[in-house]
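J.: Sequence:
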Amino acid sequence: MAQFYHEPTVPLYVASVNTDLPVKIGPFRIEKLLTTGALSRLYLGIHESSRQLAVLKVLSYDILKDSSRKKIFLKEGSILKNLQHPNIVHYLEEGEFEEGLYIAVEFVQGISLKQFILQRSLSLKRSIEVITKTLYALLYLHSVGIVHRDLKPENILITENSEVKLVDFGIAASQEELIEGPLYGTPSYMPPNEKTGIKKVDFRTDIYAVGVIFYELILGKVSFGRVNLDLVPKNLRPLVKKATEQDPLKRYQDVMEMILDLSVYLKENLISKDESSEDTLKDLLESIEKSKQSLILPVPEMLMDLSIDVVVSSHPKQFTYALLHHTLPDGSYIGLMASCPANDMHHLLELKTIIERAKLLLEWMTTKNEFSLSQFLERLEKGIHHICHLQLLHASTTANLFHLFSYGNTTLAHHSFAAKSPRYLEAGGRFFGEGGPLPNPIQDRLDSLDTLILGIDGTKLAVDHLFKEIFDKSFFQNQVLGECPAALVIQRID
380 MAQFYHEPTV PLYVASVNTD LPVKIGPFRI EKLLTTGALS RLYLGIHESS RQLAVLKVLS
440 YDILKDSSRK KIFLKEGSIL KNLQHPNIVH YLEEGEFEEG LYIAVEFVQG ISLKQFILQR
500 SLSLKRSIEV ITKTLYALLY LHSVGIVHRD LKPENILITE NSEVKLVDFG IAASQEELIE
560 GPLYGTPSYM PPNEKTGIKK VDFRTDIYAV GVIFYELILG KVSFGRVNLD LVPKNLRPLV
620 KKATEQDPLK RYQDVMEMIL DLSVYLKENL ISKDESSEDT LKDLLESIEK SKQSLILPVP
680 EMLMDLSIDV VVSSHPKQFT YALLHHTLPD GSYIGLMASC PANDMHHLLE LKTIIERAKL
740 LLEWMTTKNE FSLSQFLERL EKGIHHICHL QLLHASTTAN LFHLFSYGNT TLAHHSFAAK
800 SPRYLEAGGR FFGEGGPLPN PIQDRLDSLD TLILGIDGTK LAVDHLFKEI FDKSFFQNQV
860 LGECPAALVI QRID
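FYI, in the numbering used here the residues of the sequence shown are 380 to 873.
It should be emphasised that the hints constitute simulated quantities derived from the structure, not laboratory data.
Among these hints, one or two may not hold up.
As the list claims (entries may be wrong) - The calculated label-pair distances, taken between Cβ atoms and stated as ranges, are: (1) 603 - 817: 40 to 50 Å; (2) 778 - 805: 19 to 29 Å; (3) 472 - 815: 38 to 48 Å; (4) 751 - 677: 20 to 30 Å; (5) 777 - 652: 35 to 45 Å; (6) 453 - 431: 17 to 27 Å; (7) 610 - 821: 49 to 59 Å.
Remember, predicted model here, so these are calculated numbers, not experimental data.
Built from N, CA and C at the ideal position, the CB exists for glycine as well.
Can you make the complete structure from the sequences, with help from the hints?
T.: Structure, rendered in structure tokens:
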């Protein structure tokens, strides 16, 4: 018999005796009513020109008379339109039609996590995969200051490709936003301290909900908000306990802490003691290797008058590093390098967090036209738990300038076309993650045929003799890098 989560899926909907459906909402032809909720109705529609299926959330004019409900509905649209993540439902559009307001999102062909719980169809290993993907979706949400506030199995869909999608942002809010008025949410997945009175929105609300959902996945049954830790496998018990602490100060303070503990659980192969699985260790090692590969992002194809090379040592010391390339709207280039001497899972995940958060912030700030190097670095450092080396190198051919911000000491080799040998620019200060004032940047002109060379781990590279004729990449890799794991080489070629 086929696994439940591999069976073909169909749209889930509640049959309605009312056949008087709207024919059209905005550019969407309405196919059927999916559900009717306390605040809105959901319809399945198809875009008349693109033929894309969509779910339309509709707030009727009768409900629009309630200003608080209208405010909540409009807020959902404003939040959704700024979210872009593979594990979050994709926003399409919003608008007004003759019967009220609507928000259109992609139709997700999938089954709610609640059905998997009721069917008890997920193994412990698969449950951990689902929770991990959910946590990374939350990591993205929280990095842009949004709290979902209504996480529950019904709002987590598993697609035909076994991917996770978070849906229903009807009561999502900004971190530390003050919420007054009626109680919205699902009590079984809501922390006790938020069930009464005036509430301030907190990331730990989502963490509590994920803890309860994880508990239900492990047990294969709905908990109705009651968590009995004696029923949780011994090695997972501390993690579930910390996620579902009644006191928010004893709970995980951010999503990354929970991800790290889950990673340690896998790394130490504790799952084998909780569930017999001969493939667990192999899957973990493959996951680690994939995580390492994901830390080194490709160079952008289109760069204005710049050649970017990453030269990797042929015999590096044990070192974990991450490298992000990004092109800003003005055509200038950013190279972000983070590194740490340890090679354990905690540091690997921390570097992955830095890179993922950096990508999100760069996209978010440039989209909002609010980008500055200093603000980007200040926001990026928030929530970092392990100190590391980090350098940001910014090069602009339009402004004829380069900047280097360095956390931890480093040396930038700058070879000017007019000089016979490169000069060394020293930069540094506190480590990334220590907290404190922003390091003072160094900056200078970036003229035609200039070359910048920066060692990933702050190593001072003796590159004086490399520029007598041309840059010899092979010689540099084998003879100059030494134990430095890699170097970033930027050449202006206009």
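J.: Against each hint, give a clear statement of whether it holds in the structure.
T.: Consistency of the hints with the structure:
The hint said 40 to 50 Å for the Cβ distance between residue 603 and residue 817, and at roughly 49 Å that hint holds. In this structure the hint that residue 778 and residue 805 lie 19 to 29 Å apart at CB holds, the actual value being about 23 Å. Evaluation of the 38 to 48 Å hint for residue 472 and residue 815 yields a pass: the beta carbon distance comes to about 44 Å. Range check, residue 751 to residue 677: Cβ separation about 25 Å, and the 20 to 30 Å hint holds.
In this structure the hint that residue 777 and residue 652 lie 35 to 45 Å apart at CB is violated, the actual value being about 58 Å. At roughly 23 Å, the beta-carbon separation of residue 453 and residue 431 lies within the given 17 to 27 Å, and the hint holds. With their beta carbons about 58 Å apart, residue 610 and residue 821 fall inside the hinted range of 49 to 59 Å.
Going down the numbered hints, you'll see the structure goes against just number 5.
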